[in-house]
Amino acid sequence: MPVTIVSKGYDSAVDNVVLWLTYFFKMTVLRIGADNNIHFRSFSLNNLDKIEISNAYDVKVDLGSCTAIWIHGCDYIFQTCEEVDDFDIKQQVEQQISQDYSAIFFSYIQFLHAFCPNVKVIGEFSDFTQRKIYQLLVAKNVGLAIPDSDIITDYDYLLALFKKRELITKSVQNSVYINTSKILVSGQRTENISASNVNLHEGIFHPSFVQHKIEKLYELRVFIFQNIIYSLAIFSQFDSSTRTDYRTWDNDKLRFVPYELPNEVKQRLLSLMNTLKLTTGSIDIIVTPNYEYVFLEINPCGQFSFVSSYCNYYIEKEIAQSLCNSN
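Going letter by letter, the sequence shown gives residues 9 to 335 in our numbering.
Simulated from the structure, these hints should not be mistaken for laboratory data. Among the hints, a few may not be true.
Once the Cα atoms are required to be at most 30 Å apart in a straight line, the calculated BS3-like pairs of lysine-lysine come out as [what the hints assert, rightly or not]:
1. K224 / K34
2. K178 / K221
3. K221 / K172
4. K325 / K274
5. K98 / K172
6. K178 / K285
7. K148 / K172
8. K148 / K224
9. K16 / K274
10. K274 / K140
11. K140 / K34
12. K285 / K16
Construct the entire structure; sequences and hints are all you get.
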């Protein structure tokens with residue numbers, strides 16, 4: 009029986025899962041990427057057992073015969089429209105067509121998830137509506153420590169906070185991405201707030217997310233897949249370039265080791281996953297010098313390949329095995 013994987017167009021971790029499925033477990037896999045066209049060969053609401061689709065490579069699969077579907081990092085299926093020549097019109101037409109395809113496809117996935125227990129669905133497109141602020145509130149509610157956090161819109165309030173403690177800022181939701189013919193703006197890292205950020209401005213600004221900068225002993229990346237927890241410790245505090253955000257990392261400056269979480273923290277993380285209705289996710293945690301575990305955020309489709317490779321967890325094999333076990 010085939011397995012369907014919906015993911016970003018390029019993801020090395022997903023590539024490895026596909027390799028395990030096809031080469032080692034001899035499974036048929038239909039992979040749908042965010043940048044790949046899919047085509048509905050047939051779709052009748054009166055017969056949901058037979059829904060034929062094909063991807064950009066003309067690989068055809070009857071979704072009704074799939075026993076497992078894994079959604080990782082894709083909530084929008086892009087469709088092209090070669091028949092329109094005008095660039096501006098073409099963009100808008102492609103956007104509308106893509107929205108229609110995405111709505112049809114993910115409506116079916118939702119139905120499978122809710123009413124077809126014989127089909128294993130891991131992840132869902134609604135995971136991408138997760139909000140950092142909501143996550144923090146839920147994390148606090150289940151007993152996890154979180155940083156002091158504020159949404160601010162004026163410099164007077166920012167200055168008052170800055171006088172009390174060191175601050176960092178990060179995006180409220182997704183990272184900024186602006187791409188035009190003249191400029192490219194892209195940012196996803198956490199940044200320190202300096203005196204120059206505060207003292208040289210006044211008035212009101214766009215709502216911004218600031219947090220108390222937590223002193224860290226080390227930080228953790230925790231990947232959870234169907235209640236199985238894989239943890240990695242990242243020793244990033246020794247270098248100024250990685251102290252605030254290890255994603256500026258240089259392999260030569262960071263040390264990665266497997267990590268065993270305390271049982272109490274494990275249970276609270278699983279409670280968080282359950283409350284957020286997530287079956288998989290990557291979690292960032294800071295461990296303070298007092299060994300307090302401070303939750304930062306969870307990405308339902310976050311990267312896990314480096315957790316797997318540095319710790320020899322073989323997570324990709326475990327995911328493939330789970331998808332196979334639905335047969």
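Against the structure, the hints:
For the hint pairing K224 with K34, the CA-to-CA distance comes to about 45 Å; that exceeds 30 Å, so the pair is violated. Taken as a hint, the K178 and K221 pair is honoured in the structure, with Cα atoms around 11 Å apart against an allowance of 30 Å. A hinted pair counts as satisfied when its Cα atoms are at most 30 Å apart, and K221 with K172 qualifies at roughly 11 Å. Simply put, K325 and K274 have alpha-carbon atoms about 22 Å apart, close enough for the 30 Å limit, and the pair holds.
Between K98 and K172, the direct Cα distance comes to roughly 52 Å. Violation of the 30 Å bound is thereby established for this hinted pair. At roughly 24 Å between alpha-carbon atoms, K178 and K285 fall within 30 Å of each other, so this suggested pair holds. Proposed proximity of K148 and K172 is supported: the alpha carbons are some 22 Å apart, at most 30 Å. A C-alpha spacing of about 19 Å is found between K148 and K224, which places the hinted pair at or below 30 Å, so the restraint holds.
Taking the CA atoms of K16 and K274, the gap is near 29 Å; set against the 30 Å cutoff, the hint holds. Under the criterion of a C-alpha separation no larger than 30 Å, the hint pairing K274 with K140 is consistent with the structure, at around 20 Å. Distance restraint check for K140 and K34: the Cα-Cα separation of roughly 39 Å exceeds the 30 Å cut-off, and the hinted pair is therefore not satisfied. A hinted pair counts as satisfied when its Cα atoms are at most 30 Å apart, and K285 with K16 qualifies at roughly 22 Å.
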